[in-house]
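**Q** Chains as they are written, first to last, in this note's numbering: chain A, 1 to 536; chain B, 1 to 257.
FYI, nobody ran anything at the bench for these hints, they're computed from the structure. Computed from a predicted structure; not experimentally measured. Please note that the accuracy of each hint is not assured.
[As the list claims (entries may be wrong)] Calculated Cβ distances over 10 Å to all of chain A for the following chain B residues:
no.	residue
1	I14
2	N69
3	R92
4	V102
5	L105
6	V130
7	I133
8	T161
9	A172
10	L222
[Stated by the list, open to error] Ranges between beta-carbon positions, derived for each pair:
no.	chain 1	residue 1	chain 2	residue 2	range
11	A	F6	B	T161	37 to 47 Å
12	B	T47	A	E57	34 to 44 Å
13	B	S236	A	S423	32 to 42 Å
14	B	L16	A	K119	17 to 27 Å
15	B	K231	A	S64	16 to 26 Å
16	B	N245	A	E302	56 to 66 Å
17	B	F180	A	S423	53 to 63 Å
18	A	S423	B	I128	54 to 64 Å
19	A	S423	B	Y111	33 to 43 Å
20	B	I128	A	F121	14 to 24 Å
[Said to hold, decoys possible] Capping the alpha-carbon separation at 25 Å, the derived lysine to any residue pairs in SDA-like fashion look like this:
no.	chain 1	residue 1	chain 2	residue 2
21	A	K123	B	H212
22	A	K128	A	E232
23	A	K411	A	N344
24	A	K65	B	K110
Ideal Cβ positions, reconstructed from N, Cα and C, are used throughout, including at glycine.
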Amino acid sequence: MAAKEFDIPELPTYIEIPELTPDVMQGEGPFKAVDEFQNPLGFPGGKVDNWKEVAIEKMGDLKSKYRSVQVFLDSCVKCGACTDKCHYFLGSSDPKNMPVARQDLFRSVYRRYFTFAGKHFPKLVGAKDLDDEMIDDWYNYFHQCSQCRRCSVFCPYGIDTAEISMAAREVLDTIGLGQKYCNQILGKALTIGNNLGLPEPALRDTLLDLEEEVEEDFGAPVKFPLDIKGSEILLITPSADFFAEPHIDGLIGYGKVFYQDGVSWTLSSYASEGANFGMFIGSYDIMRKAALRIRKAALDLEVSRVMVGECGHAWRVAYSFWNTLSGVGAGAQSVDEYALKLQNQLDDRYPQPQHIIEYTYDLIQRGKLNFDKSENDERTVTFHDSCNVARATNMGGIEGGQFILPREVIKAVCNNYVDMERSTIKEATFCCGGGGGLLTDDLMEIRIKGAMPRMQALKQVETNDGVNTLAAICAICKSQFSKVLPKFDFDPYMIVSVHQLVSAAIILDKPQEAIQMSESQTEATDAIEAKEAETE
Amino acid sequence: MSLISIIFTALFYISLFIFIVGMGRKIRQFWITPVPLKIPIAPTPLTQTGAIFKMIREVTLFESLFRSNKWIWLFGFLFHFGLLLVLVRHLRYFIPGDLPEVFLLIQPFKYAAFAMIIGLAGLLARRIFVPRIRYISAPSDYLMLLMLIVIGVSGAIMTFTSNHTDIMMVKAFASGLIIFDWTNLPTEINFLLHLFLVLVLLAIFPISKLLHVPGIFFSPTLNQVDNARKKRHVSSWALKQEKENTVKLEQTIGKDE
Numbered sequence: 001m002a003a004k005e006f007d008i009p010e011l012p013t014y015i016e017i018p019e020l021t022p023d024v025m026q027g028e029g030p031f032k033a034v035d036e037f038q039n040p041l042g043f044p045g046g047k048v049d050n051w052k053e054v055a056i057e058k059m060g061d062l063k064s065k066y067r068s069v070q071v072f073l074d075s076c077v078k079c080g081a082c083t084d085k086c087h088y089f090l091g092s093s094d095p096k097n098m099p100v101a102r103q104d105l106f107r108s109v110y111r112r113y114f115t116f117a118g119k120h121f122p123k124l125v126g127a128k129d130l131d132d133e134m135i136d137d138w139y140n141y142f143h144q145c146s147q148c149r150r151c152s153v154f155c156p157y158g159i160d161t162a163e164i165s166m167a168a169r170e171v172l173d174t175i176g177l178g179q180k181y182c183n184q185i186l187g188k189a190l191t192i193g194n195n196l197g198l199p200e201p202a203l204r205d206t207l208l209d210l211e212e213e214v215e216e217d218f219g220a221p222v223k224f225p226l227d228i229k230g231s232e233i234l235l236i237t238p239s240a241d242f243f244a245e246p247h248i249d250g251l252i253g254y255g256k257v258f259y260q261d262g263v264s265w266t267l268s269s270y271a272s273e274g275a276n277f278g279m280f281i282g283s284y285d286i287m288r289k290a291a292l293r294i295r296k297a298a299l300d301l302e303v304s305r306v307m308v309g310e311c312g313h314a315w316r317v318a319y320s321f322w323n324t325l326s327g328v329g330a331g332a333q334s335v336d337e338y339a340l341k342l343q344n345q346l347d348d349r350y351p352q353p354q355h356i357i358e359y360t361y362d363l364i365q366r367g368k369l370n371f372d373k374s375e376n377d378e379r380t381v382t383f384h385d386s387c388n389v390a391r392a393t394n395m396g397g398i399e400g401g402q403f404i405l406p407r408e409v410i411k412a413v414c415n416n417y418v419d420m421e422r423s424t425i426k427e428a429t430f431c432c433g434g435g436g437g438l439l440t441d442d443l444m445e446i447r448i449k450g451a452m453p454r455m456q457a458l459k460q461v462e463t464n465d466g467v468n469t470l471a472a473i474c475a476i477c478k479s480q481f482s483k484v485l486p487k488f489d490f491d492p493y494m495i496v497s498v499h500q501l502v503s504a505a506i507i508l509d510k511p512q513e514a515i516q517m518s519e520s521q522t523e524a525t526d527a528i529e530a531k532e533a534e535t536e
Numbered sequence: 001m002s003l004i005s006i007i008f009t010a011l012f013y014i015s016l017f018i019f020i021v022g023m024g025r026k027i028r029q030f031w032i033t034p035v036p037l038k039i040p041i042a043p044t045p046l047t048q049t050g051a052i053f054k055m056i057r058e059v060t061l062f063e064s065l066f067r068s069n070k071w072i073w074l075f076g077f078l079f080h081f082g083l084l085l086v087l088v089r090h091l092r093y094f095i096p097g098d099l100p101e102v103f104l105l106i107q108p109f110k111y112a113a114f115a116m117i118i119g120l121a122g123l124l125a126r127r128i129f130v131p132r133i134r135y136i137s138a139p140s141d142y143l144m145l146l147m148l149i150v151i152g153v154s155g156a157i158m159t160f161t162s163n164h165t166d167i168m169m170v171k172a173f174a175s176g177l178i179i180f181d182w183t184n185l186p187t188e189i190n191f192l193l194h195l196f197l198v199l200v201l202l203a204i205f206p207i208s209k210l211l212h213v214p215g216i217f218f219s220p221t222l223n224q225v226d227n228a229r230k231k232r233h234v235s236s237w238a239l240k241q242e243k244e245n246t247v248k249l250e251q252t253i254g255k256d257e
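Take the sequences, apply the hints, and build the full model.
**A** Here is the structure:
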């Protein structure tokens with residue numbers, strides 16, 4: 001694709017609300033998916049002839065299935081509170097990137113075809129026909145939303161643009177206008193088991209290589225088991241962790257923590273993907289389809305715990321949706337045979353699913369891990385709250401735990417930690433700019449512009465506090481930052497996994513024979529170790 | 001009864017009918033539409049009590065709006081709070097006969113009209129002068145504010161200037177509407193305009209953005225408890241799919257289980 005020329009935004013001292021520049025991000029949107037990628041998901045490839053009727057019908061269907069869509073379409077009063085909250089608006093100044101204006105692309109059509117006022121007085125209430133121009137705007141601007149939900153935090157009615165954007169993408173898919181990036185990846189995830197299309201032998205090789213490498217580097221036989229039936233923990237992690245930088249250093253970190261804990265764990269070749277792009281395209285069925293692979297893997301491998309690696313929207317799907325979609329969770333009613341089949345197998349002493357950060361944090365709290373924090377002394381670290389973790393999940397079962405736990409883990413392994421400006425972290429965190437199915441080269445302009453607010457906050461702590469490391473717990477954030485950091489004159493290698501920091505500092509002093517021991521013996525050893533830790 | 005009184009009496013019942021039926025249908029629609037997924041928005045409440053308190057804070061204090069934009073919050077709060085007090089004070093007209101003594105206490109609420117008007121004027125000014133908000137405004141957004149301002153100003157004129165209306169007559173008319181004992185109403189232009197626009201407002205309630213009033217209580221991001229891991233949440237249509245093992249993609253990607 002002939003890359004469009006665009007300016008990389010300057011990093012201001014403070015984020016200013018830009019003057020509106022209408023249509024500056026107008027365009028054809030990301031590459032469209034052809035038959036090959038559309039049909040396996042049950043969507044037509046290319047705009048169908050009667051697309052308008054199909055689209056209106058789908059809108060009606062969605063708003064009758066999702067209360068969020070119906071209520072959000074009716075409730076907006078156009079107060080303007082959200083207008084300066086979207087990182088894509090702040091970075092691009094295109095008014096259609098203001099959350100309410102983005103929603104209005106959908107809402108104006110809803111009003112035209114579904115409301116009394118819009119049917120009879122369209123001009124008065126800003127109702128618009130669904131025409132070619134409108135559907136082009138949908139495709140373009142609903143792929144400039146990373147579904148990060150920052151606007152929803154600031155909306156007096158909690159209106160969530162992500163819900164509207166998901167609905168719009170589902171309508172687009174239904175009429176044949178799918179996004180190539182997401183739908184191609186979903187095809188691989190639903191047939192091969194991961195977004196990379198890495199088949200079982202390749203995955204096994206990769207993991208064996210990793211074992212060799214880690215043993216060479218750290219002198220400990222850290223294992224990365226695959227498809228081991230009867231393991232205690234099934235780890236579901238984004239497939240980027242298997243090969244991408246800096247992700248893989250995070251995977252090494254998980255392996256070391258498991259090794260040091262002496263727990264038995266496994267990956268699954270059938271469900272070798274944490275990321276669930278079904279959420280991005282808004283399709284409940286496809287999202288469920290991807291989630292069901294994890295259920296099947298958990299049942300087949302007879303694990304008692306399901307754990308999730310560092311991935312933002314994967315954790316949202318796991319934490320908030322898995323129990324609903326596939327029964328991976330707890331608290332099913334006694335008549336719910338479907339969920340109980342799995343939940344009776346899972347160990348209710350642990351949260352199901354559990355985040356790797358929750359697991360490591362818990363081990364640290366119980367004194368089971370020892371660190372040499374000086375290993376990270378050349379680093380001054382700040383933490384980027386990934387949008388889906390921050391705004392749609394929890395950790396540790398305490399209020400704000402999703403903010404507290406990762407920071408506590410970092411502080412346990414690093415001496416130098418600084419937070420970025422308060423209005424850019426925690427529930428108000430700025431998206432990295434590449435989430436929600438936007439992590440593709442054909443959307444590079446919006447990715448770079450959308451990264452500006454995060455980069456600005458990072459610049460501040462770099463200047464003021466000497467921050468040289470940006471830690472994150474999301475595969476998309478890590479990939480996106482690797483790409484955009486140099487555009488803003490940062491070191492691309494400053495982005496790390498939280499478990500990379502853990503990996504650097506953790507002391508591997510687990511006696512080798514412990515790994516061979518049966519589980520009961522391991523627990524006995526644990527108890528002794530715990531006592532030792534207490535006496536220390 | 002005068003013709004104008006008959007017209008207004010009829011308008012009152014028509015508007016009220018549209019309001020009740022329209023709102024009833026809309027609330028029913030919100031109520032029966034399933035919520036397939038847990039989507040609470042941070043900062044999320046972990047308990048049912050927490051969720052209730054969050055909703056109370058949102059409805060009474062506009063907590064999210066306060067975090068978001070202090071000016072919109074200030075004007076929005078002045079308007080809504082002023083309106084609430086003014087509405088409470090208007091109850092006197094609809095209660096037949098002597099008023100309970102508590103109404104002496106709400107007498108000073110008449111000054112709330114100014115809070116209401118100032119809030120509305122501020123919101124209108126922002127809509128006109130802030131380019132971002134002007135961009136997202138449709139004609140109806142301005143009209144709604146103008147209508148409320150005219151209602152507020154015409155009411156204030158009757159209360160605070162010498163253009164008083166015969167409030168005993170108003171009371172007889174208004175309480176008559178409640179107990180079906182219809183009488184004439186005063187015919188000063190201020191009063192008729194005030195009443196007419198209130199009736200219009202009532203009638204357009206179910207078909208306009210005023211739906212934010214019931215909407216907020218149904219907003220899943222605000223009213224859900226963040227307990228997805230502890231309690232299984234499945235909507236009616238999703239449960240049906242699960243039971244019937246609907247597999248739309250079986251040719252390409254294998255079956256459930």
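**Q** Against this structure, judge whether each hint is valid.
**A** Cross-check of the supplied hints:
| no. | hint | in the structure |
| --- | --- | --- |
| 1 | I14 | holds, 15 Å |
| 2 | N69 | violated, 5 Å |
| 3 | R92 | holds, 29 Å |
| 4 | V102 | holds, 31 Å |
| 5 | L105 | holds, 30 Å |
| 6 | V130 | violated, 7 Å |
| 7 | I133 | violated, 4 Å |
| 8 | T161 | holds, 31 Å |
| 9 | A172 | holds, 35 Å |
| 10 | L222 | violated, 4 Å |
| 11 | A:F6 <-> B:T161: 37 to 47 Å | violated, 59 Å |
| 12 | B:T47 <-> A:E57: 34 to 44 Å | holds, 40 Å |
| 13 | B:S236 <-> A:S423: 32 to 42 Å | holds, 40 Å |
| 14 | B:L16 <-> A:K119: 17 to 27 Å | holds, 24 Å |
| 15 | B:K231 <-> A:S64: 16 to 26 Å | holds, 25 Å |
| 16 | B:N245 <-> A:E302: 56 to 66 Å | violated, 22 Å |
| 17 | B:F180 <-> A:S423: 53 to 63 Å | holds, 57 Å |
| 18 | A:S423 <-> B:I128: 54 to 64 Å | violated, 28 Å |
| 19 | A:S423 <-> B:Y111: 33 to 43 Å | holds, 36 Å |
| 20 | B:I128 <-> A:F121: 14 to 24 Å | holds, 22 Å |
| 21 | A:K123 <-> B:H212 | holds, 21 Å |
| 22 | A:K128 <-> A:E232 | violated, 56 Å |
| 23 | A:K411 <-> A:N344 | violated, 36 Å |
| 24 | A:K65 <-> B:K110 | violated, 45 Å |
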